[in-house]
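J.: Please model the complete structure; the sequences and the hints are all you need to start from.
For reference, the chains in residue letters:
There are 2 protein chains.
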Amino acid sequence: MTAPRTEGFGFRVVATVGYARAAVLTTPHAEVLTPTFMPVGTQGCVKGLTPDEVAETGARIVLGNTYHLMLRPGAEGVAEQGGLHGFSRWPHAMLTDSGGFQAFSLGASTLGKVGKAPLVKLDETGFTFKSHLDGSRHMLSPEEAVRIQALIGADIQMQLDVCPPGESSRPVVEEAVARTSRWAKRALAAPRPRQQALFGIIQGSCYADVRRAHADELASLEVDGKTFDGLALGGFSVGEAIPKMYETLHAMAHTVDPERPRYLMGVGTPRDLLEAIDAGVDMFDCVLPTRNARNGQALTRFGRVVVKQAQWKHDKRPIDPECGCACCLGGYSRAYLRHLYLAGEMTVLRLLSVHNLHWYGELVTSAREAIRGGTWPAHKSATLARIDAGE
Amino acid sequence: MTAPRTEGFGFRVVATVGYARAAVLTTPHAEVLTPTFMPVGTQGCVKGLTPDEVAETGARIVLGNTYHLMLRPGAEGVAEQGGLHGFSRWPHAMLTDSGGFQAFSLGASTLGKVGKAPLVKLDETGFTFKSHLDGSRHMLSPEEAVRIQALIGADIQMQLDVCPPGESSRPVVEEAVARTSRWAKRALAAPRPRQQALFGIIQGSCYADVRRAHADELASLEVDGKTFDGLALGGFSVGEAIPKMYETLHAMAHTVDPERPRYLMGVGTPRDLLEAIDAGVDMFDCVLPTRNARNGQALTRFGRVVVKQAQWKHDKRPIDPECGCACCLGGYSRAYLRHLYLAGEMTVLRLLSVHNLHWYGELVTSAREAIRGGTWPAHKSATLARIDAGE
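The listed protein sequences correspond, in order, to chains V and W. Quick note on numbering: our numbering labels position 259 of the first sequence as 286, and the sequence is numbered without any gaps. Quick note on numbering: our numbering labels position 279 of the second sequence as 306, and the sequence is numbered without any gaps.
If you're looking for bench data, these hints aren't it; they were derived computationally from the structure. Small disclaimer: the values here were computed from a predicted structure and weren't measured. Please note that the accuracy of each hint is not assured.
Stated by the list, open to error - Stretches of chain W that chain V covers, calculated by requiring three or more beta carbons in the stretch to come under 8 Å of a beta carbon on chain V:
hint : region
1    : 90-104
2    : 118-124
3    : 336-345
4    : 366-374
Stated by the list, open to error - Pairwise CB distance ranges (calculated):
hint : chain 1 : residue 1 : chain 2 : residue 2 : range
5    : W       : Gln336    : V       : Glu103    : 18 to 28 Å
6    : W       : Glu103    : V       : Glu194    : 50 to 60 Å
7    : V       : Ala405    : W       : Glu34     : 54 to 64 Å
8    : V       : Ala216    : W       : Asp79     : 42 to 52 Å
9    : W       : Ala337    : V       : Thr392    : 39 to 49 Å
10   : V       : Val333    : W       : Asp79     : 22 to 32 Å
11   : V       : Pro270    : W       : Ser132    : 55 to 65 Å
12   : W       : Gly371    : V       : Ile269    : 26 to 36 Å
13   : V       : Lys340    : W       : Gly371    : 30 to 40 Å
14   : W       : Ala278    : V       : Lys340    : 45 to 55 Å
15   : W       : Glu103    : V       : Gly266    : 44 to 54 Å
16   : V       : Arg318    : W       : Gln336    : 27 to 37 Å
17   : W       : Gly371    : V       : Gly35     : 33 to 43 Å
Unchecked claim - Chain W side only, calculated, beta carbon under 7 Å to chain V, not exhaustive:
hint : residue
18   : Phe114
19   : Gly357
20   : Gly358
No residue lacks a Cβ here, since even glycine has one placed at the ideal position from N, Cα and C.
T.: Written as structure tokens, this is what we have:
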């Protein structure tokens, strides 16, 4: 696909090595070089950071969570502030998920609190659930997810899908896939602004054959002349063994329509990214770099640095002397970062968030360069070896 | 005093209107234009911010708390990292308090927790106290406060003093003054790096005659050829009525040696600053702008804006359309800031901290300009009227 399916939207592969590929994803708000990592701005804000700082890590697309935003401040509230771009002041590209995953997991988590069952109802219509904030009742259908995401106004919408737990049986997975396909058609049929793209979501857990069939089905789907602008891999990193995820990705990601961007949802560690890029994935999002930062963990090219550890008490080195982020270049020593963490100073959570996102940015940027330069296999091995070896 | 008493240290008055004055305070790390406000970096960090952001608010001197730093990471720990400048990466001027005030107030606050009395012992030697962090035993004498502050390495040290509660009787206040004077001599006599200045502290609560006498005594104090580089007004804003503080300041601040900087410790609101500048004060510090920011309060030229209020739910305006800070210029609407606050996003605490410190910076900078331009009385009245009038 070189001609855009949606206004202002395009995708062009510029180099491949094996299944790994470097491409350019064009959206109304930014040209995104892939492989790319999307920092997560759950509530209209990448936690602890400003848009400038997020952009400085190399990110040109961020993810917003529909579930959180529809409940607070509400999709209409976001729309009246100029959409999520105007509201959050992020000027580059944005993607929103459909809200289904959180409606299910967070809605279900209120079960014990409120004591009434069921708080999440899933049927052919969609999800009916109670807000984890105030118990108010809400509904997400494939059509409603499109309508809400249109109000939020990201560059890319995701269809509502059904995500079975990681180790589900084949019949359960096949049922989820079938419903996701029916919802895919309804999502495509729903009215949506011309400048907003829509991605379909491939399910199938670790049954590679199920996923391949689903990928083919979604790629060939056309409703009223409309097709998906990209295809995502959902239902990974939801409880299955990591080697099984890698095995499945290597068995099927490259079979997803090569003319559309492939997005692996909610994954993962630096190793996950490298393996998935190798399998043919272009886009990623994960809370890991920002969440780990808030837990005092720096992710680096030589593994993790847990800042509170006593071994850094007298250490004058930055987190990573080779890193170009504001934290490492700013001269903050491990001893100082440890001090701030133990003292409960939130500045350290910012600095580690900046560092971790910068490292993720470097990870995907250097992967892209290696793919373009033809050195990807060696680059991937060397990067993994360095992470494993530690300092 | 135009010749420096301490190496690299000087103070030069450049304009006066009534008792109000504009001056230049020279320190080894920065030339500080006064009146000046010092953001508080209690634990080696202005809460939520980076040194760059603090400097962008106009601040060229920050305050560090000796009590907190001596307990964690320890004065030796700070020293081995290049002192507080190297540790915290703040490149401009710094001042440390003596630790006595917090040793007394925070040490005393552990009384109820631990259940043994007394946890703070005050006698002619100094303070003996238990850490509020781990109950470990510590001592602060006038000499030890100088030694510890030397290790921390700020540009300006404060002498250890005795600060009586706000509404203390005259005999109690006179006893505190007498002991503070004896400690002043011991502090001056203590060995101290040549490039570190030392300020004496005037006590006397709201007894203006006691404060005038104490100011004269400390100004004339000379020990081994050493004199104080500045004179501070301690023991204000510790429980007394605000009008009484203003009355006392107007009655005595201008009598403090005009050749040395006058520093009003731990005060205060924008109104407090304006009144104190009018009374002849040059330097301020207070946690109010940063603490209020963390409580969701923006301080502005037209009073307070409490961001969580429902009235901002649809408000697209920045906190202050006339403000040049990164929060207001960044285009963050009140609706967005309210959303972030309600959602528990720490980014809003940063943005409000930047805004509040920027407003304090503007407050002292515009005061300075008005003093230099001879328009100070009208400027003061107009600024106060605008704060009172609200939006």
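J.: Please go over all the hints and tell whether each is borne out by the structure.
T.: A quick look at each hint next to the structure:
Here the region 90-104 of chain W counts 4 residues with a CB under 8 Å from a CB of chain V, which clears the bar of 3, and the coverage holds. Chain V is given as covering the region 118-124 of chain W, and this is violated because 0 residues of the stretch bring a CB closer than 8 Å to a CB of that chain, at least three being needed. Only residues whose C-beta sits within less than 8 Å of a C-beta in chain V count toward coverage, and the region 336-345 of chain W has 3 of them, enough to reach three; the restraint holds. For the region 366-374 of chain W, the stated coverage by chain V is satisfied: 7 residues place a CB nearer than 8 Å to a CB of that chain, which reaches the threshold of 3.
A hinted range of 18 to 28 Å holds for the C-beta pair W/Gln336 and V/Glu103, which are about 20 Å apart. At about 53 Å, the beta-carbon gap between W/Glu103 and V/Glu194 stays in the expected band of 50 to 60 Å. For the hinted restraint 54 to 64 Å between V/Ala405 and W/Glu34, the CB-CB distance of approximately 57 Å keeps it satisfied. In this structure, V/Ala216 and W/Asp79 meet the distance hint of 42 to 52 Å, their C-beta atoms being roughly 50 Å apart.
Checking the proposed 39 to 49 Å range against W/Ala337 and V/Thr392 shows it holds: the Cβ atoms sit about 44 Å from each other. Distance hint check: the CB atoms of V/Val333 and W/Asp79 are about 26 Å apart, consistent with the given range 22 to 32 Å. Against the hinted window of 55 to 65 Å, the Cβ-Cβ separation of V/Pro270 and W/Ser132 comes to about 57 Å, which satisfies the hint. Look at W/Gly371 against V/Ile269: about 31 Å separates their beta carbons, and that is inside 26 to 36 Å.
Taking 30 to 40 Å as the suggested C-beta distance range, the pair V/Lys340 and W/Gly371 conforms, at roughly 31 Å. Checked against the given bound of 45 to 55 Å, the beta carbons of W/Ala278 and V/Lys340, roughly 50 Å apart, stay inside it. For W/Glu103 and V/Gly266, the hinted distance range of 44 to 54 Å is satisfied, since their beta carbons lie about 48 Å from each other. Evaluation of the 27 to 37 Å hint for V/Arg318 and W/Gln336 yields a pass: the beta carbon distance comes to about 30 Å.
For W/Gly371 paired with V/Gly35, a C-beta distance near 35 Å keeps the hint of 33 to 43 Å intact. The criterion of a C-beta within 7 Å of any C-beta in chain V is met by W/Phe114, whose closest approach is roughly 5 Å, and the hint holds. With its C-beta approaching chain V no nearer than about 6 Å, W/Gly357 sits inside the 7 Å limit, and its interface hint holds. Interface hint at W/Gly358: satisfied, since its Cβ lies 5 Å from the closest Cβ of chain V, which is below the 7 Å cut-off.
The structure does not agree with numbered hint 2 stated previously, though it agrees with all others.
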